[in-house]
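K.L.:
Start from chain A and add chain B according to the hints.
Protein sequence lines correspond, in order, to chains A and B. Residues 18 to 281 (the working numbering) are what the first sequence spells out, left to right. Residues 18 to 281 (the working numbering) are what the second sequence spells out, left to right.
Hints listed in this document are in silico derivations from the structure and should not be mistaken for laboratory results. Some hints here could point you the wrong way.
Heads up, the list lumps identical chains together, so a pair's fine if it works in one copy or across two of them.
[What the hints assert, rightly or not] Result set (SDA-like, lysine to any residue): computed pairs, CA atoms no more than 20 Å apart in a straight line:
no.	residue 1	residue 2
1	276	195
2	117	275
3	117	279
4	59	49
5	59	24
6	59	25
7	276	119
8	276	116
9	276	120
10	276	192
11	276	97
12	99	171
13	172	154
14	33	49
Number of protein chains: 2
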Amino acid sequence: MTSPSEGTVCIFPLPKLPVVAAGDDLASLIVDAYRKASWEPKHHDVLVITSKVVSRAQGRFVDLQTVHPDKQAIEIANEIGKDPRLVALVLAESSLVARKAPGILITKHHLGLVSANAGIDQSNALPQHAEQGTGPWVLLLPQEPDRAARQIGQKLEQEFGVQIAVIISDSLGRPFRVGTVGSAIGVYGVPAISDQRGKADLFGRPLEHTITAFADQIAASADMVAGQAAEGRAVVVVRGMEYPWSPHAPCSELIRPTKGDLFL
Amino acid sequence: MTSPSEGTVCIFPLPKLPVVAAGDDLASLIVDAYRKASWEPKHHDVLVITSKVVSRAQGRFVDLQTVHPDKQAIEIANEIGKDPRLVALVLAESSLVARKAPGILITKHHLGLVSANAGIDQSNALPQHAEQGTGPWVLLLPQEPDRAARQIGQKLEQEFGVQIAVIISDSLGRPFRVGTVGSAIGVYGVPAISDQRGKADLFGRPLEHTITAFADQIAASADMVAGQAAEGRAVVVVRGMEYPWSPHAPCSELIRPTKGDLFL
Chain A
18 MTSPSEGTVC IFPLPKLPVV AAGDDLASLI VDAYRKASWE PKHHDVLVIT
68 SKVVSRAQGR FVDLQTVHPD KQAIEIANEI GKDPRLVALV LAESSLVARK
118 APGILITKHH LGLVSANAGI DQSNALPQHA EQGTGPWVLL LPQEPDRAAR
168 QIGQKLEQEF GVQIAVIISD SLGRPFRVGT VGSAIGVYGV PAISDQRGKA
218 DLFGRPLEHT ITAFADQIAA SADMVAGQAA EGRAVVVVRG MEYPWSPHAP
268 CSELIRPTKG DLFL
Chain B
18 MTSPSEGTVC IFPLPKLPVV AAGDDLASLI VDAYRKASWE PKHHDVLVIT
68 SKVVSRAQGR FVDLQTVHPD KQAIEIANEI GKDPRLVALV LAESSLVARK
118 APGILITKHH LGLVSANAGI DQSNALPQHA EQGTGPWVLL LPQEPDRAAR
168 QIGQKLEQEF GVQIAVIISD SLGRPFRVGT VGSAIGVYGV PAISDQRGKA
218 DLFGRPLEHT ITAFADQIAA SADMVAGQAA EGRAVVVVRG MEYPWSPHAP
268 CSELIRPTKG DLFL
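Chain A on its own, in the form it takes in the complex (with noise of 0.2 Å):
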């Protein structure tokens, strides 16, 4: 025998998305793609969506031109080096400035993640009608992406009949290692994070890694079959995940308070 079933995850991406444009219902494109390639998806199935498509059907794009940087905007863009209208709208998505170098600035977003550039896109981020002369275009994240979750989980459900769980993610770069990973910035239907705290070792003592980041886990591998994907697999089933259905678990829970953390 070459392979199990008890306990195994499978992980694939949802083909025939077209490229999503403004104003989109992004939960019916979801269900069309289902339709056309004759699948239904399962009880407790966990779609990961980037953010990507999720900004884009909310039409968060802003062309660079219509944006007019304030004096610390351009103090900032000075002192680093950047366009001063992209540092304008980084600040406008922040709370606050964790840490700024040549080429670098690294803020606080108002959904709480810790980001380069707020999590701002200038790659994919062209709108399908630019008019001539317009741009450079850029993509902001996704607003209220808990809640954009619910709605395509909630679609999905009315649709097909099953719990289906939502993780809008992107893919966020850290300090001290190289490279990003698939991290969770909304959630709907599974939990964010997974306290196992009063839960014993082997040898009955109390665990230390006793917080999960479960939500991030399953971005991060979602990311990893994505990133074998050919472009434009911006939705990725993982099957098989056994969660307690939580429909009102906030990704707020994976954000650490400002107040407390070493780092910022």
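P.N.:
Same frame as chain A, but now just chain B:
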């Protein structure tokens, strides 16, 4: 149809691994576990092995009664309220202290990992034949985890005739975010990072997130599945990933140099 095949990655724990004791030949125990389960590994399966069992096999147990803290360890221990013997071990395992606060000691381990207590584990740390009156026992991170990974991968290839990659993983906390994620501390066969610089986005512009923490994402996906399993499942198989066979990619590629890390 409810389940696709192409591009699917599946993740499942390897059963039948016994509790590992100091001096055990871990590679042979894993081969035995395959045989007992009547399983065979497949070409380019990735085995993710928790650092705990590698440390146990290497006999990285320390009886705190045998540790004699020096002046620096005693001073730090008094300052943060920790056992000075544990602090002495943490310092001996580390190249620098990143942060300290009451109850918290975050260092950069000689392997390059920035984590609490230099990854020293106080749960699951009891040697199999600990004598009465000894301990408390702790378990240090493995020595030369790349080499440990290679030995296991090469033994599996020798036994089963297929190339098997190995990742030694540990659950690491992170700044900014709550909860631990599985991360790679040793690799064999898989690249530690995936560098996509030069690739273009959907619209022909250069991609932004160009270096992915490839081995970390695999480790996170395995940790996700291990966390679901009953206690004692220390080896997880990741099947279906495509990657360039990389027998010489060191895990240190995932470590950001201390100089230039804005958060150290």
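K.L.:
All hints, please: hold or fail.
P.N.:
Hints and how they fare:
In this homomeric assembly, residue 276 and residue 195 come within 20 Å of each other (Cα to Cα) only across copies, at 13 Å, whereas the closest approach inside a single copy is 26 Å. For a Cα distance limit of 20 Å, the shortest separation of residue 117 from residue 275 qualifies both inside one copy, at 17 Å, and across copies, at 17 Å. In the homo-oligomer, the alpha carbons of residue 117 and residue 279 lie at most 20 Å apart both inside one protomer (17 Å) and across protomers (8 Å), since each shortest distance falls under that limit. When the C-alpha separation of residue 59 and residue 49 is checked against a cutoff of 20 Å, the pair qualifies only within one copy, where the shortest distance is 16 Å, while the shortest distance between copies is 35 Å.
When the C-alpha separation of residue 59 and residue 24 is checked against a cutoff of 20 Å, the pair qualifies both within a copy, at 16 Å, and between copies, at 18 Å. Proximity of residue 59 and residue 25 under a CA criterion of 20 Å is satisfied in both settings, with 14 Å inside one chain copy and 16 Å between copies. In this assembly of identical chains, the alpha carbons of residue 276 and residue 119 lie at most 20 Å apart only when taken from different copies (15 Å versus 27 Å within one copy). In the homo-oligomer, the alpha carbons of residue 276 and residue 116 lie at most 20 Å apart both inside one protomer (16 Å) and across protomers (15 Å), since each shortest distance falls under that limit.
Taking the shortest Cα distances, residue 276 and residue 120 sit within 20 Å of each other only across copies (16 Å), while inside one copy they are farther apart (27 Å). Taking the shortest Cα distances, residue 276 and residue 192 sit within 20 Å of each other both inside one copy (18 Å) and across copies (12 Å). In the homo-oligomer, the alpha carbons of residue 276 and residue 97 lie at most 20 Å apart only across protomers (18 Å), although the nearest pairing inside one protomer, at 26 Å, exceeds that limit. Proximity of residue 99 and residue 171 under a CA criterion of 20 Å is satisfied in neither setting, with 41 Å inside one chain copy and 48 Å between copies.
For the identical chains of this complex, residue 172 and residue 154 are neighbours neither inside a copy (31 Å) nor across copies (52 Å), given an alpha-carbon limit of 20 Å. Within a single copy, residue 33 and residue 49 get their C-alpha atoms as close as 8 Å, which meets the 20 Å cut-off; across copies the closest is 43 Å, which misses it.
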